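Which chain is which? The protein sequence lines are E and H, in order.
With our numbering applied, the first sequence has no gaps in its numbers, which climb one by one up to 202 at the end.
With our numbering applied, the second sequence has no gaps in its numbers, which climb one by one up to 761 at the end.
It is worth saying that the hints were derived from the structure and are not from the lab.
All figures in this text were calculated on a predicted structure; none of them were measured in a lab.
The C-beta atom is built at its ideal place from N, Cα and C for all residues, glycine as well.
There's no promise every hint is true.
Taking lysine-lysine pairs in the DSBU-like style, the calculated list, with each CA pair at most 35 Å apart, reads [stated by the list, open to error]: (1) K523/H - K62/E; (2) K157/E - K510/H; (3) K510/H - K2/E; (4) K333/H - K77/E; (5) K553/H - K581/H; (6) K403/H - K531/H; (7) K488/H - K77/E; (8) K62/E - K396/H; (9) K62/E - K552/H; (10) K62/E - K497/H; (11) K377/H - K62/E; (12) K77/E - K396/H; (13) K62/E - K405/H; (14) K488/H - K62/E; (15) K553/H - K62/E; (16) K2/E - K497/H; (17) K62/E - K581/H; (18) K157/E - K513/H; (19) K217/H - K242/H; (20) K333/H - K62/E; (21) K510/H - K77/E; (22) K513/H - K77/E; (23) K377/H - K333/H; (24) K2/E - K513/H; (25) K157/E - K396/H; (26) K488/H - K2/E; (27) K157/E - K395/H; (28) K62/E - K242/H; (29) K395/H - K77/E; (30) K62/E - K513/H.
A short, non-exhaustive set of chain E residues, derived as facing chain H with CB atoms under 7 Å [said to hold, decoys possible]: (31) A25; (32) K62; (33) V68.
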Amino acid sequence: MKHTISALVENHFGVLARIAGLFSARGFNIDSLAVGETEDPTVSRMTIVAQGDDRVLDQIIKQLDKLVDVIKVIDLKPGQLIERELVLIKARATSETRSDVMQIVNTFRAKIVDVSPDSLTIEVTGGESKVDAMLELLRPFGILEVVRTGSIAISRKSVLNAHSNDPASKNFKDRRVGARRKTDKEGKEKLRQSGEGRRKLD
Amino acid sequence: MQLTGAQILIRCLEKLGVDCIFGIPGGVILPTFDVLYDSKIKFILNRHEQGATHMADGYARATGRTGVCMVTSGPGATNTVTGLATAAMDSVPLVCITGQVATSAIGSDAFQEADIVGITRSVTKHNYLIKDARDIARIVCEAFYIASTGRPGPVLIDFPVDVSRAVVDFEFPEKVYIRSYQPVAEPDIRDVKKAAALIMKSKRPCLYVGGGAIASNAADEVRELVQKTGIPVTTTILGLGIFPEDHPLALRMLGMHGSVYANYAVQQCDLLIAVGARFDDRVTGKIDQFAPYAKIVHIDIDPASIAKTVKVDVSVLGNVKDVLRELNKHVRDKRKATQTWLNTIQEWKKKHPLRYNESSHDILQQYVIEKVGELTKHKAVVVTGVGQHQMWTAQWYQFARPRSMITSGGLGTMGFGFPAAIGAQFGRPKDTVVCFDGDGSFQMTMSEFATAAFHKVPVKVFILDNGFYGMVRQWQELFYRKRYSASDLDRANPDFVKIAGSYGVLGLRVTKKAEVVPAIKKALKHRGPVLVHVRVSRENNVFPMVPVGHALDQVMDMA
């Protein structure tokens, strides 16, 4: 199954190698990985998309959480996350096909960022399925180059930052277990209040 | 106060209470060794860096304190990898300081350069490359904190030579705070109560105790739990000594070479209480047939250990000592409710005792170990290599005290025994330290003779020489039609007594059964290091044995 893992890590050298090592040591491929600073410049956030056996991935996530440089880890459940990817596509577009390609671009609310006599460079943002669908439609015209940033994701309900204490994060580190169950319940309460309405917004 | 990086490092080690360091010097670590020359910290010079790590490891396991080793860059550093992996697998607190080429030369294939931080990433709990001398004090303190707290483990500090020469202000950090590492969780009382409820409800309970109980110094708590409830207790190889093995409720070791009754008890129990143990494959046998009737309670400090290989019904996260202290408040005597179960176990014990052919004319390994056990009153610190002799030691020494069995359980590192025994003796100078080793295991690190001889470390080494990689030969006999491919050492084995002599170490040779006891007595009386070379039965097998891929109750026992 596909997992989208979001990790808050110390922003210093060597952290990426430690995290990648947990996957590679088990022969797991990382589908995509996006890293960037957070609101706190000493903290980076990594969004890792990987596929594989649930049990092994669960073990990887626990191991990730054990790494000294990892502050928090959360396995974002499908349906609970907002996911985006930025993709640059250089597609073949001659004078005959240009308008057809531009129509596809408009349909997907993508942007043309560069034009040359026989190609167009398109910028598109979206979830995985949107990007895949667009690539599918452009394929007959000829795709010359694709650059993807990899997914970044954020949870709908919970707040994951270095200071939050969200029950959804697999954070055993500062777990005062007595309090944990309570926040678990609060979490569920919040979940119910957030309701379906908000989900429709995107 | 302005100090050099090397001075800061050594000053920190002194402040942290380090009393000895094992290792070998070399080019880029020279500034640090120069400072060490004037320090009150004792430096123990090894002959191979692997030996240094095992010595620090033995020291740590024998004392519970963090072991420290210091080596140079490149080959010095890469030689520590086996020792670090050994310590990581068995959760041993270790700090390893490696020299590194100057920061400006890192990555240039400089002389004696190795990316040791990259190499050891997966065999350490954490590792550091110090790039700025102002970070030294903080990193050293963090390293000791990380190594010794939570689930302990080895931490490596890579120390470039220019950083060791840089002069900066020194201030010793009074507190360590790492926001992403807060290892000590108080046990959840509700989980403890759930565990207690399962314990009180069960009819056929069994305790399964591992190295985590020893690491958290929980022997008293384990003993209280057993004595209070009357639940029988089996241990892993790393848990040996947590509970006296002559006690009627002791089931001794479980697993591949565990006692038949321990394995039967695990397979038949309705509640298995795992305490600081991690369900290793050598313990569980075929995992999907492991403890088929049992609910499982898992008490462990490491969240990643829980539900890693088996499904767990109740997990209690926390320091074993704290959890058991709490648990002991919520349990009562169960002997009445479990009487039939306890009777069944006593029958198994009678029917399937650990045994060997006592009338054998050859010297059997079991006999030597049993006699050493008797003559040391089961009080020695016992250290082993890896292989048949290790399993026999686990079966026959009869352990009574925690931190008295020091062995490479997880990684199975041959060559661990001799250096670890020397390290253990440095940590516990007043105790008798006995090392059981095989001829194969011993030859992997016997260069440490020099260390033992120079420091007159009074370890008693018993080489149980069968002229084989014995465990390999046993598997070849049982599973490879006696085709002894590359396992026979006899033709090229050295004269171990002569080797001891050449280092000025007392060597005793035992070739007849009647000589065994006198030799043991003589060795134990001798005030310096001793090597006792015992020529034992060549093709003796370790039984009972649960072959790989079988359930724990499918036991092969001796005919």
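Given the proposed pairing of K510/H with K77/E, does the C-alpha separation stay at or below 35 Å? 21 Å, holds
Are the Cα positions of K157/E and K510/H separated by 35 Å at most? This hinted pair holds, its Cα atoms lying about 29 Å apart.
Can you confirm whether the C-alpha distance between K333/H and K62/E stays at or below 35 Å? Holds, at about 29 Å.
CA of K62/E to CA of K581/H, is that 35 Å or under? Distance of about 39 Å is beyond 35 Å: violated.
Is the straight-line distance between the alpha-carbon of K510/H and that of K2/E 35 Å or less? The hint holds at about 20 Å.
Within 35 Å, alpha carbon to alpha carbon, are K157/E and K513/H? Satisfied, since the Cα-Cα distance of roughly 30 Å is no more than 35 Å.
Below or equal to 35 Å on CA atoms is what counts here, so check K62/E against K513/H. 16 Å, holds
35 Å Cα cutoff - pair K377/H, K62/E: Given that 35 Å is the threshold and the Cα spacing comes to 27 Å, the pair holds.
Can the restraint linking K377/H and K333/H be considered satisfied, given a maximum Cα separation of 35 Å? 22 Å, holds
Under the criterion that the straight-line Cα-Cα distance not exceed 35 Å, is the pair K2/E, K497/H satisfied? 31 Å, holds
Hint consistency between K488/H and K2/E [alpha-carbon to alpha-carbon, up to 35 Å]: 29 Å, holds
Sort out whether K405/H lies within 35 Å of K62/E, counting only the CA atoms. 34 Å, holds
When the structure is compared with the earlier hints, violations turn up for hints 4, 9, 15, 17, 28 and for no others.
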